Amino acid sequence: MVDPVVEVKNIWKSYEIKRWGFKKQSFYALMDVSLAVFKGETMGVLGESGCGKTTLGKIILDLEKPDKGDVFWFGKNLKRLSKKKYNGFRTKIQAVFQDPYSSLNPRYKVVDTLLEPYFINIEKNKRKGLEKAEEVLSLVGLRKEVLNKYPHALSGGERQRVALARALMVSPSLIVLDEPTSALDTTLASQILELFKDFKLKFHLSYLLISHSLPVITYLSDWIVVMYLGRIVEICKKDIFLKINHHPYTLMLINASPDPFSPKPLFSKKVRGEVASALFRPSGCEFHPRCEERENFCSKKIPQLRKISDFHYVACFKR
Amino acid sequence: MPFLEVKDLVLGLKRKNVTLVDKVSFSLEKKEILGILGESGCGKSLTGFSLLRLFPPGIAHYSGDVIIDGGSLYKLSEEEILKLRGKKVAIILQDPLSSLNPVLTIGEQIEEVLKYHFNLNKNERKERIYRLLKEVGIPDPEIRAKNYPHQLSGGLRQRAMIAMALAGEPELLVADEPTTALDVTLQIQILELLSELNQKKGLTIVFISHDLGIIRWIASKICVFYAGEVVEMAHTEELFNNPLHPYTINLINSYPREGKIKKILKGGVVNIYEKPEGCRYFERCENPCKDGKKSHPELISVKNRHFVRCFRYG
Numbered sequence: 001m002v003d004p005v006v007e008v009k010n011i012w013k014s015y016e017i018k019r020w021g022f023k024k025q026s027f028y029a030l031m032d033v034s035l036a037v038f039k040g041e042t043m044g045v046l047g048e049s050g051c052g053k054t055t056l057g058k059i060i061l062d063l064e065k066p067d068k069g070d071v072f073w074f075g076k077n078l079k080r081l082s083k084k085k086y087n088g089f090r091t092k093i094q095a096v097f098q099d100p101y102s103s104l105n106p107r108y109k110v111v112d113t114l115l116e117p118y119f120i121n122i123e124k125n126k127r128k129g130l131e132k133a134e135e136v137l138s139l140v141g142l143r144k145e146v147l148n149k150y151p152h153a154l155s156g157g158e159r160q161r162v163a164l165a166r167a168l169m170v171s172p173s174l175i176v177l178d179e180p181t182s183a184l185d186t187t188l189a190s191q192i193l194e195l196f197k198d199f200k201l202k203f204h205l206s207y208l209l210i211s212h213s214l215p216v217i218t219y220l221s222d223w224i225v226v227m228y229l230g231r232i233v234e235i236c237k238k239d240i241f242l243k244i245n246h247h248p249y250t251l252m253l254i255n256a257s258p259d260p261f262s263p264k265p266l267f268s269k270k271v272r273g274e275v276a277s278a279l280f281r282p283s284g285c286e287f288h289p290r291c292e293e294r295e296n297f298c299s300k301k302i303p304q305l306r307k308i309s310d311f312h313y314v315a316c317f318k319r
Numbered sequence: 320m321p322f323l324e325v326k327d328l329v330l331g332l333k334r335k336n337v338t339l340v341d342k343v344s345f346s347l348e349k350k351e352i353l354g355i356l357g358e359s360g361c362g363k364s365l366t367g368f369s370l371l372r373l374f375p376p377g378i379a380h381y382s383g384d385v386i387i388d389g390g391s392l393y394k395l396s397e398e399e400i401l402k403l404r405g406k407k408v409a410i411i412l413q414d415p416l417s418s419l420n421p422v423l424t425i426g427e428q429i430e431e432v433l434k435y436h437f438n439l440n441k442n443e444r445k446e447r448i449y450r451l452l453k454e455v456g457i458p459d460p461e462i463r464a465k466n467y468p469h470q471l472s473g474g475l476r477q478r479a480m481i482a483m484a485l486a487g488e489p490e491l492l493v494a495d496e497p498t499t500a501l502d503v504t505l506q507i508q509i510l511e512l513l514s515e516l517n518q519k520k521g522l523t524i525v526f527i528s529h530d531l532g533i534i535r536w537i538a539s540k541i542c543v544f545y546a547g548e549v550v551e552m553a554h555t556e557e558l559f560n561n562p563l564h565p566y567t568i569n570l571i572n573s574y575p576r577e578g579k580i581k582k583i584l585k586g587g588v589v590n591i592y593e594k595p596e597g598c599r600y601f602e603r604c605e606n607p608c609k610d611g612k613k614s615h616p617e618l619i620s621v622k623n624r625h626f627v628r629c630f631r632y633g
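From first to last, the protein sequence lines are chains U and H. The first sequence begins at 1 in this note's numbering and counts up by one. The second sequence begins at 320 in this note's numbering and counts up by one.
Worth double-checking, as some hints may not be accurate.
Claimed, not checked - Keeping only pairs whose Cα atoms sit at most 30 angstroms apart, straight-line, the calculated DSS-like set for lysine-lysine is:
hint : chain 1 : residue 1 : chain 2 : residue 2
1    : H       : K407      : U       : K39
2    : H       : K326      : U       : K264
3    : H       : K441      : U       : K269
4    : H       : K441      : H       : K407
5    : H       : K407      : U       : K149
6    : U       : K264      : H       : K407
7    : U       : K68       : U       : K79
As the list claims (entries may be wrong) - Which bits of chain U does chain H cover? Going by a derived footprint, with three or more residues having C-beta under 8 angstroms, they are:
hint : segment
8    : 190–197
9    : 206–215
10   : 252–261
11   : 269–283
These are computed hints drawn from the structure, not numbers from a lab. Since the model is a prediction, treat every value here as computed from it, not as a measurement. Just so it is clear, CB atoms sit at the ideal spot from N, CA and C, and this is done for glycine as well.
Generate the whole structure from the sequences, applying the supplied hints.
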């Protein structure tokens with residue numbers, strides 16, 4: 001069987017915060033998370049703020065180490081990877097972040113931004129680097145005059161294209177997209193999404209798409225992962241997304257997302273409450289205080305992710 | 320006579336030739352919700368602020384008129400306008416964390432409004448605060464009124480902001496992207512609250528957003544802004560079923576629908592310093608007309624209460 005590009009197995013990650021200056025309290029941002037992204041596939045991670053989706057992205061990028069559990073790149077466990085091999089794989093996993101204003105160095109011209117990863121990871125050859133930079137820029141739909149500009153001279157959409165170009169400079173296999181379009185206007189967002197889809201087909205790129213927006217996720221993903229308070233509550237294939245019996249939380253997200261083309265009116269009064277704080281985690285199923293279908297036992301036991309079909313996994317007692 | 324009328328509103332920067340809002344006119348009946356739709360930098364927020372005669376620094380010249388309930392806003396003196404703000408028109412802003420005062424409790428901030436506009440004693444004010452907080456769906460108002468903004472979660476903060484805006488019992492509420500900083504499940508709760516206020520208390524709302532989906536469900540009438548001017552205006556159903564302006568058509572088609580995007584809108588927002596002399600949408604238009612190159616189209620009425628700024632329908 002083919003190894004997945006990236007796989008995480010039973011990841012736990014906790015953070016500590018200081019309360020009242022001296023008392024330390026730790027909380028779990030991720031609990032027992034496992035998933036795998038295969039070549040040419042897009043995994044969409046859907047969830048509200050504070051559900052651990054960005055932490056998951058960071059762990060896959062190896063910017064954070066998990067407390068427990070393993071991360072595999074191309075089937076190799078990161079814990080047992082030699083430095084040399086690690087560096088070889090490092091370039092294959094890239095990222096594009098949410099805010100193109102803060103993720104580009106304001107003192108670097110676009111050309112420096114693009115060449116830096118190339119010089120470090122591929123070779124220190126300015127002529128070839130520039131060739132590659134121009135090629136990549138034309139791929140993302142920018143003219144080469146942009147090379148000599150600073151980020152502040154570019155608009156939001158252009159900046160996000162530069163950020164994408166920077167990720168493409170080292171020919172990655174997987175790009176972690178952390179809310180790539182939420183800082184952009186609707187029209188610009190659809191242009192950027194189209195680019196992602198294009199590259200996916202052209203270069204067989206894999207993505208881990210992190211977003212809170214249902215239309216973005218359904219547009220780009222092959223698989224949809226729904227997270228709530230650090231746990232995966234549902235995994236399903238995009239193709240069957242509209243046909244299956246979802247986790248109550250997923251249903252809530254679907255109800256809450258304002259779809260201008262839906263035949264049903266938006267306001268149905270079905271969405272209640274807020275995401276609980278990870279510091280005060282509800283007992284049992286984390287979602288039960290907001291759940292419409294909760295039963296007594298929901299607050300006592302934690303539901304595990306169960307297989308419903310080959311393309312659908314749910315963590316709920318009632319499914 | 321409409322409740323709110325904006326007539327030829329022009330706002331410009333110091334340099335005389337740069338106009339940010341260009342001859343914007345619309346009117347609104349009482350109890351209606353007007354949705355203002357547009358990309359960033361198209362002047363939609365400025366229009367919202369001008370309904371309270373609040374201008375951000377840098378605005379050097381303005382003309383036109385805003386008439387609320389028969390009274391012109393731009394003919395009043397500065398003191399008279401202070402009496403009006405909060406009492407007749409109120410505004411809620413995008414990011415409640417940065418627009419609430421961090422060193423005052425929620426209760427104190429609401430009290431400030433009550434002190435200014437009403438002649439109430441301390442106990443009456445307190446009761447009024449609790450009632451307001453309850454009305455916007457904040458649980459345990461007695462405790463929450465003593466909280467500082469940072470102690471509240473995002474959703475509660477935005478609710479507190481709405482409570483503050485409602486404290487003066489305004490008739491018109493300007494909501495400037497009130498849900499952009501919130502999660503989807505909170506967003507819908509805030510939207511439900513606003514539409515409830517509209518129905519129960521007869522609050523007139525001007526709702527500014529760039530999200531097609533939100534505007535579609537909350538507004539009864541929509542203005543589409545492009546580069547500082549209204550390019551299309553119609554009732555919600557009419558606009559979505561029968562969009563006329565090429566910009567509106569593309570805007571609707573570029574929204575992901577059932578996992579597909581019908582059409583990608585090319586190009587970016589128009590540079591406000593180099594506006595084309597003719598039709599402002601000319602460069603992004605797919606089949607531009609000859610007239611658009613040189614002359615500027617006017618907002619024309621195509622059919623009953625459907626206005627569009629395009630030569631094709633002239």
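Here is what the structure says about each hint:
The hinted pair formed by K407 of chain H and K39 of chain U fails the criterion: a straight-line CA distance of about 59 angstroms is larger than 30 angstroms. At most 30 angstroms may separate the alpha-carbon atoms for a hinted pair to count; K326 of chain H and K264 of chain U exceed this at roughly 36 angstroms. For the hint linking K441 of chain H to K269 of chain U, the alpha-carbon distance of about 36 angstroms lies beyond 30 angstroms, and the restraint is violated. For the hint pairing K441 of chain H with K407 of chain H, the CA-to-CA distance comes to about 23 angstroms; that is within 30 angstroms, so the pair holds.
Restraint check for K407 of chain H and K149 of chain U: not satisfied, since their Cα atoms lie roughly 48 angstroms apart, outside the 30 angstroms limit. Distance hint between K264 of chain U and K407 of chain H is unfulfilled; the C-alpha atoms sit about 34 angstroms from each other, more than 30 angstroms. A distance of roughly 11 angstroms separates the Cα atoms of K68 of chain U and K79 of chain U; the hinted pair therefore holds under the 30 angstroms criterion. Only residues whose C-beta sits within less than 8 angstroms of a C-beta in chain H count toward coverage, and the segment 190–197 of chain U has 4 of them, enough to reach three; the restraint holds.
Proximity of the segment 206–215 of chain U to chain H, defined as three or more residues with a beta carbon under 8 angstroms from a beta carbon of that chain, is established by the 4 residues found. With 9 residues having a beta carbon nearer than 8 angstroms to a beta carbon of chain H, the segment 252–261 of chain U meets the requirement of three or more and the stated coverage holds. With 6 residues having a beta carbon nearer than 8 angstroms to a beta carbon of chain H, the segment 269–283 of chain U meets the requirement of three or more and the stated coverage holds.
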